[in-house]
Amino acid sequence: MKPRPILAIALAALFASGSALAQSPATIRANIERLTGGKVKVDQIQATPAPGIYQVISDGEVFYTDASGRFGIIGGTMLDMQTRQDLTADTMNRLTSVPFSSLPLRHAIKEVHGNGSRQVALFEDPNCPICRVFTKFVDQLDDVTVYRFMFPVIDPSSQALARTAWCSPDRAGTWKAIMAGRRPTGNQDCDVSGLVEILKFGEKHRIQNTPTVFLGNGKRLVGATPPEQFVAELDASGKAQ
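Here the sequence shown stands for residues -22 to -1, 1 to 219, numbered as in mature numbering (1 follows the signal peptide of the UniProt record, and there is no 0).
In short, the hints are calculated from the structure, not lab data. Glycine is no exception: its CB is placed at the ideal position from the N, C-alpha and C atoms. Treat the hints with caution; some may be incorrect.
[To be verified] When the alpha-carbon atoms are kept at most 16 Å apart in a straight line, the in silico EDC-like pairs for lysine to aspartate or glutamate are as follows:
{"hint": "1", "residue 1": "K88", "residue 2": "D68"}
{"hint": "2", "residue 1": "K154", "residue 2": "D58"}
{"hint": "3", "residue 1": "K17", "residue 2": "D37"}
{"hint": "4", "residue 1": "K154", "residue 2": "D213"}
{"hint": "5", "residue 1": "K88", "residue 2": "E39"}
{"hint": "6", "residue 1": "K88", "residue 2": "D58"}
{"hint": "7", "residue 1": "K114", "residue 2": "D148"}
{"hint": "8", "residue 1": "K88", "residue 2": "D37"}
{"hint": "9", "residue 1": "K19", "residue 2": "D37"}
{"hint": "10", "residue 1": "K197", "residue 2": "E175"}
{"hint": "11", "residue 1": "K17", "residue 2": "D58"}
{"hint": "12", "residue 1": "K197", "residue 2": "D117"}
[Said to hold, decoys possible] Pair by pair, the computed Cβ-Cβ distance ranges are:
{"hint": "13", "residue 1": "K178", "residue 2": "R12", "range": "47 to 55 Å"}
{"hint": "14", "residue 1": "A210", "residue 2": "G164", "range": "19 to 27 Å"}
{"hint": "15", "residue 1": "P162", "residue 2": "V111", "range": "47 to 55 Å"}
{"hint": "16", "residue 1": "T61", "residue 2": "L83", "range": "32 to 40 Å"}
{"hint": "17", "residue 1": "D117", "residue 2": "P29", "range": "50 to 58 Å"}
{"hint": "18", "residue 1": "P3", "residue 2": "G94", "range": "28 to 36 Å"}
{"hint": "19", "residue 1": "G172", "residue 2": "D68", "range": "48 to 56 Å"}
{"hint": "20", "residue 1": "T55", "residue 2": "Q24", "range": "34 to 42 Å"}
{"hint": "21", "residue 1": "V111", "residue 2": "Q166", "range": "33 to 41 Å"}
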């Protein structure tokens, strides 16, 4: 993915500051393969119009590197290929985090597991296959307070299902049944202003994928986070509160 111009300009200035002397493509190729322990094989490499920035093609993928071959720009992310460190992650976490107290919690379906000491807010859509798997995983977590938000954004049938659950006398039970794959019918003629507020919150904070999770420390996790990673993030968020 081609880097954003502002990022390319900033990196060009950085790499041209004196630390990155001109290198031959062969030297950069050798450095990349050495620094990554041979895991990244360079098929092609060439200079770009930005001083000190080189385009690399590896196994059909395109990324950019500085003249040392150590720092790579991949899909808008800058990586240290020697330490395997994501140098963009901290900034992205800061930009996408949301204070937990700012969530529209009064409109969520609240569940307390165990002592409820950790907090999770889950935005989910019943027509999202990953959501249906992930919601079952969340059901199994101990010592956590879960706030489930109906977030029907995939297609119109999602919206109808959300209205059915929202208007149900047993909102939590109906939503759980819907997320389990059942398709109950019922009244959809009720005040759905709370559901609209959830959707407006999502638009304001650019929630564009489901599932999207906010942890108690405000950190956002999107999509299929591996269970071990999710539990580690959840534990860390509890300590940070």
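> Can you list which hints this structure breaks, lowest number first?
Replying inline: 1, 2, 4, 5, 6, 7, 8, 10, 12, 14, 15, 18, 19, 20, 21
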